[in-house]
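Enquirer: Protein sequence lines, in the order shown, are assigned to chains B and G. If you're matching positions, the first sequence starts at 14 in the numbering used here and goes up one per residue. If you're matching positions, the second sequence starts at 10 in the numbering used here and goes up one per residue.
FYI, nobody ran anything at the bench for these hints, they're computed from the structure. Among the hints, erroneous ones may be present.
As the list claims (entries may be wrong) - Here are the simulated DSSO-like pairs of lysine-lysine, each with C-alpha atoms no more than 27 angstroms apart in a straight line:
1. K515(B) / K405(B)
2. K808(B) / K110(G)
3. K336(B) / K519(B)
4. K642(B) / K656(B)
5. K699(B) / K110(G)
6. K517(B) / K119(B)
Residues per chain, in single letters:
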Amino acid sequence: MSSHRTASGGLIDRGHSLRFSFDGESMTGQAGDTLASALIANGVKLVGRSFKYHRPRGIFTAGSEEPNALVELRSGGRREPNTRATTIELFDGLEATSQNRWPSLKHDFLSINQLASPIFVAGFYYKTFMWPAKLWESFYEPMIRRAAGLGRAAETADPDHYEKAWAHCDVVIAGSGPAGLTAALAAGRAGARVILCEEDFVLGGRLNADGGEIDGKPAREWVAAAEAELRGMPDVRIMTRTTLTGVFDGGVYSALERVNDHVAVPPEHQPRQRLWRIVAKRAVVAAGALERPIAFSGNDTPGVMLASAVRTYVNRFAALPAKRLVLFTNNDDGWKTVDAVLSAGGQVAAVVDARPAVSDAHRALAGKGQFAILHGGIVDVSGGAGGVRRVKAALTGGAVAEVEADGVAVSGGWNPAVGLTSYHRGRPAWREDIAAFVPGALPPGMIVAGSANGAFSLGACLREGFAAGSQAAADAGHGAAAGNVPAAADEPYSLAPMWHVKGKHKAFVDFQNDVTVSDVALAQREGFESVEHLKRYTTLGMATDQGKTSNVVGLAVMAELTGKGIAETGTTIYRPPYVPTAIGALAGHHRDENFHSVRLPHSHHWAEEQGAVFVDTGLWKRAQWYPKKGEKDWLESVTREVKAVRSGVGFCDVSTLGKIDVRGPDAGAFLDRVYINTFSTLGVGKARYGIMLREDGIVYDDGTTSRLAEDHYFLTTTTAKAGLVMQHLEFCRQVLFPELDVQLATVTDQWAQFSIAGPKTRDLLRELVDPSEDLSNEGFPFMAAREVLLRGGLKARLFRISFSGEMAFEISVPGRYGDAMARNLMIAGKAFGVTPYGTEALGVMRIEKGHVAGPELNGTTTAGDLGLGKMMSTKKDYIGRAMAGREALVAPDRQVVVGVKPVDKGRRLRSGAHLLPKDASPSPQTDQGYVTSVCYSPMLEQWIGLGLVARGRERHGEIVTAYDPLRSETYEVELCDNVFYDPEGGRQRG
Amino acid sequence: MADFSWTPVSPLQAALKPGRLGEKSGPAGLKLTELTGFSLMQVQARRGRWAETEAAAQGLFGVSAPANPAAVEGSGATLVWSGPQQFLALFPAGYGADWEKRLADAFAGSASLSDQTGGRAMIRIQGARARDMLAKVCSVDLHPRAFATGAAAATSVDHTGVNLWRRADDAEGAVFDLIVFSTFAGSLWHTLVDHAAEFGVEAGRHPA
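Please work from the sequences and hints to get the whole structure.
Expert: Below is the structure:
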């Protein structure tokens, strides 16, 4: 057994040894150990260097409140900085490394910072690095970052997987100590659905460290029986290694489950951590209390530890933190440590009690343990990296005593863990009798029980827990709990508040941030009296422990300095999460290829077979172009596709457009109100281009809508706005126009839709469509829409609409036939050189035709700006009509759509370039607009673009300056008509 | 001029690899099955015509259309609530033109119909760990007390909109059916398999 392991006792498995390493040194611990307890059992005192002064530090607590014992855990991509040795369950092969030291923990070069410590006081950075300001980024900050700080993040991606999950229950309980367990028993017996969250890997809370008797049985036996009973209840879920971390609106709680932090590598398919969102009708907070220290000179020497932590290590982990201990306490609870140490074979060198007198029982204990009781306080600790060597105490009356010791246990009393109770901004209330903050106004549905409520005796914890569980179950609609409240003694807790002892050296309040009593005093002298200012000025209470051991001491010191009471001084605001939560856990499954869901058009797998290059368009993957062997770049492929369409025939999957069935007797009237143009007059079998405005008169979306039956329109939207337009239309239907009898159904996924374009489109369709269908210009004129029969017996919808400016149709079939349609279009068009084309070619052809799209429908343009003002009906009302008439929206100098051509035909255009009068120097005053869309036009054999330019339509032929500050380019362009290709439109009608 | 063949392709054709997925040891904790061959009609009552819509449904399927989130087994079809005064009529064995006409006739004047057969995929999630997997991707409380047999929800699974309902348990445990927009189906399938992997999955495909 290791040097500081006791011969018997504890909840460790002595038959199961685990190998681990700390700073490369191999050691052995037992199953049931934490890293901290295993280090203690191996006699390790020094585990880290402090944040600012690089002072040697040891293990201070035995829980998640640990400020000092932060290590880097694991290595490579799994390296995790700032993990608390006190919460890491030991596993075989565990690797831990100390932090913030160089070259080694024992010989840390930057510990010379301690010599300069008089200047590293609160506000040091603010005061020291102010001038010259330009040195901040280049010099000061990098220097400070090297010197201060804690662990290093991993340099490669985390190979592990995290996930999130929901849980629902009647009663969620935080903590499985005596109060949590009785609450669970009471609620479970009443029939409630219960979730019991325990941060630790065993149930029992302080019962595992302090024992005691419950119903005449040893506490551990009672815990085992309670756990067995709870595990027998099908609707009680016990979640160990799970911390309740937050309280949100509507009875939602967050909890972090460390599913596989206790193994070296998670088993395949299992997450490392799981972030739970728990929806509960009621919550019982039985999160216990945290012991607080007393600040004194040298109180950060390795070997100084909270008294309750000493008991945890001795009783639960069978590890002696010190062989000869001094106890410094101001209350009866601290005295339990004496029993624990003596029973484990340790020595007590002395008890320093801040109170003027102790009980007879304690005096008897001193006789038995042969140690002195010193009434007073510790004023200095000698020692260093090797730990405590000697303790000096100032006694009431003026004498000084010195004691040889290798450890100090300190207890300044207990603070209820009020964090969870304060996340809805309820301020904790000060209770003078226990000198501690207790929960104030609670979040809705929450009950607090036991030590978390300031009820510190075991008997009270059991009573409050049982009552809380019963109450919570009843509130959630269940009956009374069966059984009696387990009984235990109500041990006394007499306390004389003491926060710090005056001494010659640094007395630390916040170990993690190196904040001392004198820093608090300095903050007060410099006017940072409010606790929130104190926190920001000194960093008291920040970082991984969030001041769990330091906040109350810090504000008590401040209260003393200002002469205000502690109640009046108050606490800082508590915010979730209660314990540090990895970003990985917050992201869960949503990383890399799972960052968001992906939508695939029905022809996607066919396009993949063709070797298409895909582009992300919102959630969609769309074929961007289809490269052919030998093509050197995208431009060559896209140019080929455009030429193939304009000279023959091509097709493109346009299924991503939003599609909505608008049905009902009032469908036409409804569309008249949402579009600027009229649809009620559209004949059955006809399609029409429509524009919708926002209420403010700006264009919202566009698309073609076809009337397929008297009471059925088929409306299309842009890809980007599909969901938003559906929402907008539902709002119009349900809220604005409830009197209209109209129904909306999204059918985007129902129809696989393809645009077929080019002069040979009709030839292709004649192959595909049943010969009985008349596809002639008379039988199927421009803007006609109807159902047709295809060869092979499938029915399709055919729309004669064109975005490319060519003779074109769109054909749609039910989604499951989309793949077959792509394949059959290739077969039907083979003789005509059919060419599949992607979104790039689609974009090129729309710019050649001067059609507006997303870059022009950009939330700033009116129908008039887009050259579509004539579509605005004057004979009816529609959404946006009134506001579209505002002076500013009809002003003659608005920026409107024009075409843009470079004066130098060989020059490439770039969108985003600003347009100024020729030779004007760029300024906000000379800025007249900008280029919105550009492409290389295979038909014009030059770059062309669209732009929004003030009075643009009156300025065709004018040469203006394009100014592109992003690319440092200035060149001349000519404004022109936006239709570059086939301005008469003969091709699409032919 | 040869006739063209029109072979329907499932939206899960590429994503679904039948067989054992995820954890290989022990019995599979759940089964994920694509159900194929169904037809689906969205039925939305016209303004003020819910009573007539219900009556038409009663006449066709012998059951009341669901007025609340529920899935009702009728003759030949399952009626799944999809919103106020609307439901999805799911025909597991599909319907032909005759059924389309029967539906159109029965609901003429009382409801608007939209065929959604091509727009959805259907996935059955069943087994001892079905609820544990769904808890990772769905915020609905699926405990038997909260989500009884026949309960339905229009909700989201991992941010993707679905209709989810509970069928009668089988010997291995709970059985849930969901339908999802077909262009999201592959992505959703991967999400379900990923979250089910730790329990072991038996993936398959069969006619609804």
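Enquirer: If you draw a straight line from the CA of K808(B) to the CA of K110(G), is it 27 angstroms or shorter?
Expert: The given pair, whose Cα atoms are some 15 angstroms apart, holds under the 27 angstroms limit.
Enquirer: Compare the distance between the alpha carbons of K515(B) and K405(B) with 27 angstroms, and conclude whether the hinted pair is satisfied.
Expert: Holds: K515(B) and K405(B) sit about 12 angstroms apart, inside 27 angstroms.
Enquirer: Is K699(B) close enough to K110(G), meaning Cα to Cα at most 27 angstroms?
Expert: Holds: K699(B) and K110(G) sit about 24 angstroms apart, inside 27 angstroms.
Enquirer: Holds or violated: are the alpha carbons of K642(B) and K656(B) at most 27 angstroms from each other?
Expert: Given pair K642(B), K656(B) holds - Cα atoms ~17 angstroms apart, limit 27 angstroms.
Enquirer: Are K517(B) and K119(B) close enough, with their CA atoms no more than 27 angstroms apart?
Expert: holds (25 angstroms)
Enquirer: With a cut-off of 27 angstroms on the C-alpha distance, tell me whether K336(B) and K519(B) pass.
Expert: holds (25 angstroms)
Hint check: no violations occur; every hint is consistent with the structure.
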